[in-house]
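K.L.:
Going down the list, the sequences are from chains A and B.
Just so you know, we're using the numbering used here here: the first sequence kicks off at 1 and counts up by one.
Just so you know, we're using the numbering used here here: the second sequence kicks off at 1 and counts up by one.
Hints in this document: simulated from the structure, not taken from any laboratory.
All C-beta atoms in this analysis are idealised placements derived from N, C-alpha and C, irrespective of residue type, glycine included.
Certain hints may be false.
[As the list claims (entries may be wrong)] Taking beta-carbon pairs under 7 Å as the criterion, some of the chain B residues facing chain A (in silico): (1) R130; (2) N173; (3) V188; (4) Q193; (5) L195; (6) N196; (7) A217; (8) V261.
[Said to hold, decoys possible] Stretch by stretch, here's where chain A covers chain B in the computed footprint (C-beta under 8 Å, at least three residues): (9) 220-234; (10) 237-249; (11) 252-260.
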Amino acid sequence: MTDRALLSVEEVLVDLPTPRGNLRAVDRVNLTVGAGQTLGVVGESGCGKTMLSRAILQLLPKKAKLQGRVMFDGQDLVSLDRESLRKLRGRSLAVVFQDPMTSLNPVLTIGTQLIETLQEHLELDLAAARKRSVELLAAVGIPAPDQRLTQYPHQLSGGMRQRVAIAIALSCEPKLLIADEPTTALDVTIQAQILDLLAREQRRRHMAMILITHDLGVVAGRTDEVAVMYAGRVVERAPTPALFKKMRMPYTEALLAAIPKLDAAPHTVLPAISGRPPDPTRPIKGCSFSPRCRYAVARCHGEKPELTEAETPAHQYACFHPIEMPVAVPA
Amino acid sequence: MMLQSSPADPLLKVENLVVEYNVGGKTVHAVSSVSLDIARGETLGLVGESGCGKSTLGRAVLQLRHAQSGKVLFDGNDLTAMRGDALRKMRQRVQLIFQDPIASLNPRRRIGDIVAEPLVISGVKDPEKRKQMVSDVLSAVGLDPGLVMGRLPHEFSGGQCQRICIARALVLNPDFIICDEPVSALDVSIRAQILNLLEEMKARYGLTLLFIAHDLAVVKAVSDRVAVMYLGRLCEVGPSEQLFARPAHPYTALLIEAIPVPDPDMRPAEAVAVGEPPSPIAPPSGCRFRTRCPRADAKCSTEVPELRAVAPGQYAACHHPLI
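Same shape as in the complex, but just chain B (with noise of 0.2 Å):
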């Protein structure tokens, strides 16, 4: 397969990436042969459905999945290949948030010693030094240290949450920080608040961010880049204003269709596509989309389309692309 738009000096490169799962003697095909570059300094927003494999993409880069085959090189070095302390060691520059912020949190600890515990792991050993370094990081995601390391996780709101996970995240001054779906489970006000968060973390720390979502907006809100992913295949990449204002895939331009749009003068289209995502587990042949696709025909169901430039910098993975 052919590396898209590979920045001159990527952080994290995924080659080929094949995860698959096994589930009641049958095979479910999570990530199939994804490929992908991140730039250092960059936000990659990985988009998708349920189900179309971006958290076990994600979770495959840290190698808390394990891969069936492919490479996850990042910042040179092989992690698919990399056992034990190795991998230990690379792994406090990859930091990754969830979801779901609360649960995120052990509940019976305090806050000072969550967060600190990513130092005591990597071996900070002076109680003094640890708490300092989570006092500093407390405070710049905007959490008062004097009031807050002494409580527990159930004294907080969701969004006072996501910023401990964020904290925990940042404490050991990592390069790359994997953010699974970080606002979903927020309200619309707060999650502004954690959105303009990372985004000055990022500045602050010198991030490089993979952000994975469902919300096309938030994505866009925060990402240079985006990937948009169906049933374990990657169908489109490219520069986020551009791949928002010509999607090239129908599967793109399907999903920036479905959103809601808060005005009341652009009445909703009856949405196009019908039927829902196959399963994993028995994914059409050919193009994995052509079931929805209303450009589909033969060809769609006997070749796998594979990721094609249609603009610079954009790729799609479409025999019909709309561009």
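Only chain A is shown next, with the shape it has when bound in the complex (with noise of 0.2 Å):
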């Protein structure tokens, strides 16, 4: 972590109103991001880490309430006004999302998509705009650039559209690039092209990154630092290797062990975590992971525990029985 963060992400809270009532998707997260660096957000379905990008990138639903403070290159986003917010996105705060079919627009040209954010933000003249484009879709590996202007996403597969969605967010040299599961929706062979040319452009543009996903995997090669996200929480935060080598948390252990592993032989039995996450509208009083948590006593279900620093200070859990022996690592 550097002294100067590009992000500072400060006690953020964010609350949905639901039928069901009060849903607390972000639960007083504290997260940095230095200039360069890339933080990994590791989570299962309706841990919070959507929503926390969202919080950052100011698109909440308009329902939702939003408490503390998202500090990006010196300025507190959450109270900008609109103008300012939409001249920074997509210029110096862009975002890929999982999904290109839907983050794309289907009835424009791939070409228009890109030279509009072009000319939007960095005001080029068409044919200024049009030859970036196209250098900007041969960066991202797109074979015959000059020809894919013309087409429209539903011409593309997946991982070419990503690869769209990619170049558009890249269009204008952003200080951070949020990545919210970028490769979910793509087979296995196209996410590894996907997460290197998104490792490689962030190095040659010494950009910041944070790579949301659910998979440990993904973080594991490729990131500075990991947060991992149970229920709201940040849980579990250290700089990755540090994380891999001495979990602390027994959720980051229980959810690394419940991957089945190729060197493993066929028809081992996987450690599972019993249960299921618990419902973000009925809060658990003590550590929400306790239902499910194999360590668990009486005070963890009385009491939260808050975000410890372990040996390190780059290296919190939050955990009052946190593990103490290494964690064996798969070779």
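Once you've looked at the hints, go ahead and assemble the two chains, each given alone in its own frame, into the complex.
P.N.:
Right, dumping it as structure tokens:
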């Protein structure tokens, strides 16, 4: 982590009113991302990772209530007006979503969508924007970029569409890219290509990135720091190598253990996590993982553990019974 | 085509199966001359990327897709030649579990009725008996029948809905279940529960499984043997442990390499294969993987590679196998 963070999320809390009552989607989250750094945010469906990214982008549903501060490049995004936000998003703060079919406009050509972004934010003229679009498409590995400009999203494969979405996100040289499950909708061989592409462009542009995923495998080799979320809270946060070597939070350990390993013998019984995540409209008094945790004792059910520093300030966990022993990492 | 590793007593035998669709006047070569055997009590994993024909193959086995040619022998009977009642009777022994558990349950019907429906269709007339069977199978999949039977699908999570789908597949006590991406819509922690449940049910009901998935690690966790498909053709078949340790087909090797490993010390190698699978409307001549294969040469574009033994029990369709 750097001293001057590019992004710092401070005590962010998101409440969503639902017919079943208030849903606390994000619960007092603190995170920082330095320039050029990659933060991985890992968690299962409903853990609040997407709502957190929307809180950063100020793209929350209208009814959502946001508290806390989102400091980006010296400004608090929460208090910015719409016009300033609009100038910022797409320019220095870009996003790539999971499903490129729904994030691209189906009735506009690839060219129109790219050129529009460039003209809007960089005030390029049509010829310059067109030239730049072709360069961008080539940079993200799209063959015959000239011809692609006149094509519509449905004429491209899922992987190609995601490349286009990345090209649009990168078009204005953003300082921070938020990639929300960018490869979940793609095949494995394409996933590897897209992750490589993001890493390469990130290095080249010295861009910071938040990589949101449900897959610990995806963050392992490709992030500097990881934050694990459960039921709206960050439950463990550490530099990536430290996290995988010394997991402290039982949830992180259980999540890793539940992934089938390629080097395990067939028919090995997986150490599954029993039960399921809590209903976010019915908050749990104690640690939200306690009903599923095999280390839980009375205290865990009655009191919420705060994020605590492990041996280094960068490694934090929210648990009364942190795991002491180094976790065996599959070779 | 040569048949691979014919197990002594195959429950299912697929011979030169061809499935093609007509899309806007063009032919999609979804499954092109695929042959495979599944032994009684075995789990065969079928992996491949979207559009490789793995789901179509699964459906063609059940005769939910019409095959252009080839045979599907189930317990010695050719399903492709069966019609009407005979086919319906046979289908009671073969069940299917789908990827999206919520979409595969009728949202307006109660769980008890959903799970009982196969019994109604197959002619179990006594409601008390049906209720007992449904209750037994729901308990088997880890649900409390008393709490569950009167409720509607929307009251359950994805993992629980998949348990209900599994219960519905098991209620007729089938011999064979085709699982088509049964865990890909589920979260990691729930996925492990369902995989364990499938293994448990397999042992308890003496099942044979065709397990279709795109995730190699998931497939390996449950399969005795694995078959790899690419663009409608079988690339490689072999015992799972062996196939993962020493893949013979370059495509299998690529798939294995592409899996993100949850270990930061194993920095991912830059992906080797460039490009994407070509369209199954116009598959490449010769070996269909050649356009993405680092080992491809002239022979690969002219001659279709046949499945050949590369190791005991392991067969690959490649002119330049890695072993």
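K.L.:
None of the hints should be skipped; say for each whether it holds.
P.N.:
Hints, verified against the model:
1. Hint status for B/R130 relative to chain A: violated, with the closest Cβ pair at about 29 Å, above 7 Å.
2. Here the hint on B/N173 is broken, as its CB sits about 22 Å from the closest CB of chain A, past 7 Å.
3. Restraint check, B/V188 versus chain A: the minimum CB separation of about 5 Å is within 7 Å; hint holds.
4. Interface restraint check for B/Q193: the shortest CB-CB distance to chain A comes to about 4 Å, inside 7 Å, so the restraint holds.
5. Hint status for B/L195 relative to chain A: holds, with the closest Cβ pair at about 6 Å, below 7 Å.
6. At a threshold of 7 Å, the smallest CB-CB gap from B/N196 to chain A is about 6 Å, leaving the interface hint in force.
7. With a least beta-carbon distance of about 4 Å to chain A, the hint placing B/A217 at the interface is held under the 7 Å criterion.
8. Evaluation of the B/V261 hint against chain A yields a held restraint, the C-beta minimum of about 6 Å falling below 7 Å.
9. Coverage of a stretch by a chain is defined here by at least three residues with a beta carbon nearer than 8 Å to that chain's beta carbons; for the stretch 220-234 of chain B and chain A the count is 5, and the condition holds.
10. Taking a C-beta to C-beta cut-off of 8 Å, the stretch 237-249 of chain B contributes 3 residues in contact with chain A, enough for the three needed, and the coverage statement holds.
11. Chain A is given as covering the stretch 252-260 of chain B, and this holds because 7 residues of the stretch bring a CB closer than 8 Å to a CB of that chain, at least three being needed.
When the structure is compared with the earlier hints, violations turn up for hints 1, 2 and for no others.
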